[in-house]
Structure formats: structure tokens, C-alpha cells
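Colleague: Okay, here's what each chain looks like letter by letter:
Number of protein chains: 2
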Amino acid sequence: MVLDVVKNSMDHPTTDMIYTRVSEILPNISMGTVYRNLAQLVAANEIMQIGMPSGADRYDWRIESHAHFVCTDCNTVIDIANINIDDIKRINPGVKDCDIDTVNLVAYGKCPKCKQAKA
Amino acid sequence: MVLDVVKNSMDHPTTDMIYTRVSEILPNISMGTVYRNLAQLVAANEIMQIGMPSGADRYDWRIESHAHFVCTDCNTVIDIANINIDDIKRINPGVKDCDIDTVNLVAYGKCPKCKQAKA
DNA sequence: GTATCTGCAAAGAATTTGCAATCCT
DNA sequence: AGGATTGCAAATTCTTTGCAGATAC
Chain A
1 MVLDVVKNSM DHPTTDMIYT RVSEILPNIS MGTVYRNLAQ LVAANEIMQI
51 GMPSGADRYD WRIESHAHFV CTDCNTVIDI ANINIDDIKR INPGVKDCDI
101 DTVNLVAYGK CPKCKQAKA
Chain B
1 MVLDVVKNSM DHPTTDMIYT RVSEILPNIS MGTVYRNLAQ LVAANEIMQI
51 GMPSGADRYD WRIESHAHFV CTDCNTVIDI ANINIDDIKR INPGVKDCDI
101 DTVNLVAYGK CPKCKQAKA
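Going down the list, the sequences are from chains A and B.
1 is the number of the first residue of the first sequence in my numbering; add one for each residue after it.
1 is the number of the first residue of the second sequence in my numbering; add one for each residue after it.
Just so you know, these hints were derived from the structure itself, not from any lab.
On a predicted model such as this, the values are computed, not experimentally measured, just so you know.
Misleading hints may appear alongside valid ones.
Put simply, identical chains are the same to the list, so a pair is met inside one copy or across any two.
Below, computed lysine to aspartate or glutamate pairings styled on EDC-like, alpha-carbon distance capped at 16 Å [said to hold, decoys possible]:
#1 K7 <-> D99
#2 K7 <-> D60
#3 K96 <-> D57
#4 K115 <-> D87
#5 K89 <-> D4
#6 K96 <-> D79
#7 K89 <-> E24
#8 K7 <-> D86
#9 K115 <-> E24
#10 K89 <-> D57
#11 K96 <-> D60
#12 K115 <-> E46
#13 K113 <-> D73
#14 K7 <-> E46
#15 K113 <-> E64
#16 K7 <-> E64
#17 K113 <-> E46
#18 K96 <-> D86
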């Protein structure tokens, strides 16, 4: 059920949002269960966890390595291509000999809608 | 004093580490004060805050935009060059029209020392 | 029937805040 | 005196966990 909700959510939901949505069908579910199921699904590589430098983590049904843009006005999250690990190594001799496993990239700014709303 | 500690710390300290170091000279300082001073210094662009997707934020005296590598074994933080915003836009037509203000990039993996320690 | 999963509530980590007391000028 | 800064403790936010009861095979 938790997996279903994530797979059908296009808005990179937070745990809270997932909890609310699952609650509509399973009214007695608890936050603990949502967290536990999300952790399992992430471990099983069924969904991706997006660690946010500030605020609650979000979840994504797209599991291929990718990054995100977050609008600082409306909080919309847009998927973007991740940076290539070889590119990082190429421009950073200091980490040339490191084993880089994952890259967490979050870009912040204003989406086109909020950009023009301000103007 | 807080600024001094950050400027003299080469290890990208967390608030806790900064608190401990300042405490050695000002034993009565409180966490609240450390947080408030750090927030002020970040706002004044005197230091940089490194938002970590999980765990406590870290602080850096290098204020030019840059990214970080974190060793998942020993927690060492290594400065790396940040990705260019134009590069992100070039490979991501979906965010071409977004105003990107900041890019938070954290790479995780094993540093050379921990890599060979394991082997 | 035993291993797993759940709800609940409490604990935990990281950070923020209200407020009275203190400091500086 | 008057405004800014502090220490302290409580509050917030997000997440994890212990445990007794419910579920699943």
C-alpha cells in the first residue's frame, strides 16, 4: 500500500504526505509503520529516498540515480539528471582516489511559474 | 569567538563540535548562542553552512560556492568543486527556465585511507 | 505456532524560540 | 537608560524504537 502510494505520486511526497494518502484507505495506519515500510522499500531498491539538506526527506518512484530541483517558493520538486561521478573526479583531483558511491544533489531556486508571479 | 573557531577549523565542524571548541575558552556559552551566531555569520556571508541530507549541518570558512565529499567510514569531509549551474541547465531542458540560486551537492563514498583499510 | 508486522506512545537527534537576566555604550 | 546579546529550558520538527498485541503462513 505504501509502495502503491509512492508509485502513484508524481509530487515527490514527504513521509507525512504518504501517511495522509495511505490513511485515506487504511485509516488506522501509524507513522511508525509508514517509516518502517519506506525504509524497507528503499533497502530493496523499490523506491528512492531523497535526502533533503533541510526539511523532511522525500520519496520518488524513479530509482535510477538522479537529482532534484526544489522551488523555494512553491516547493515543487523537479527531477533532473545527476552529475556524472567521473566528471566530479576529473575536475577534483583531491577525490580522484575516493570510491564515490552516491551523489546527493539538490538545486534550489524559483520555478518558471513563481519566477513570473513575482515579476 | 564562534567565527574564530570556524575559521581555524579545517574539519568542517558540526554545531556540536563548534560548541565544544568555544566552550574551552568560554565555558558558559550555550548551544542556543552558538546556533544564533552561526545563523548570523551565514546570513552575513562570513561562513558557509553545509546542509547535510542526513545528520547535523556542518560549517565551512570557505565561502565560495563549492561541494563536499563525505567518507561514509571516517566522516572526513573533503571540499570539491561545485557543479556549474549552466551545465545543469544544459543537460536538463526541464529546468532551463528556472532561476537556480544554490546547488547543494554532497557525494558519499570511501576515502583512500578507509578504502585500503578495508582491503 | 512461530516469525513477522503493526499501533501506539515514548525516546531521540537537530534545531529553534520565549523570556528574564545580562551586557555594552 | 535602551538596545542588543546571552543562558537556560521548553518547544518544534523529523525520525526511530520498545513493546505488547495482532497477523500471516
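Colleague: Now tell me if each hint is right for this structure.
Modeller: Each hint tested on the structure:
no., hint, verdict
1, K7 <-> D99, "neither (31 Å within a copy, 29 Å between copies)"
2, K7 <-> D60, "within (8 Å within a copy, 38 Å between copies)"
3, K96 <-> D57, "neither (29 Å within a copy, 25 Å between copies)"
4, K115 <-> D87, "neither (30 Å within a copy, 20 Å between copies)"
5, K89 <-> D4, "neither (37 Å within a copy, 32 Å between copies)"
6, K96 <-> D79, "between (27 Å within a copy, 12 Å between copies)"
7, K89 <-> E24, "neither (47 Å within a copy, 38 Å between copies)"
8, K7 <-> D86, "neither (31 Å within a copy, 31 Å between copies)"
9, K115 <-> E24, "neither (34 Å within a copy, 47 Å between copies)"
10, K89 <-> D57, "neither (27 Å within a copy, 24 Å between copies)"
11, K96 <-> D60, "neither (30 Å within a copy, 22 Å between copies)"
12, K115 <-> E46, "neither (34 Å within a copy, 28 Å between copies)"
13, K113 <-> D73, "within (10 Å within a copy, 42 Å between copies)"
14, K7 <-> E46, "within (9 Å within a copy, 43 Å between copies)"
15, K113 <-> E64, "neither (27 Å within a copy, 29 Å between copies)"
16, K7 <-> E64, "within (14 Å within a copy, 39 Å between copies)"
17, K113 <-> E46, "neither (32 Å within a copy, 32 Å between copies)"
18, K96 <-> D86, "within (9 Å within a copy, 24 Å between copies)"
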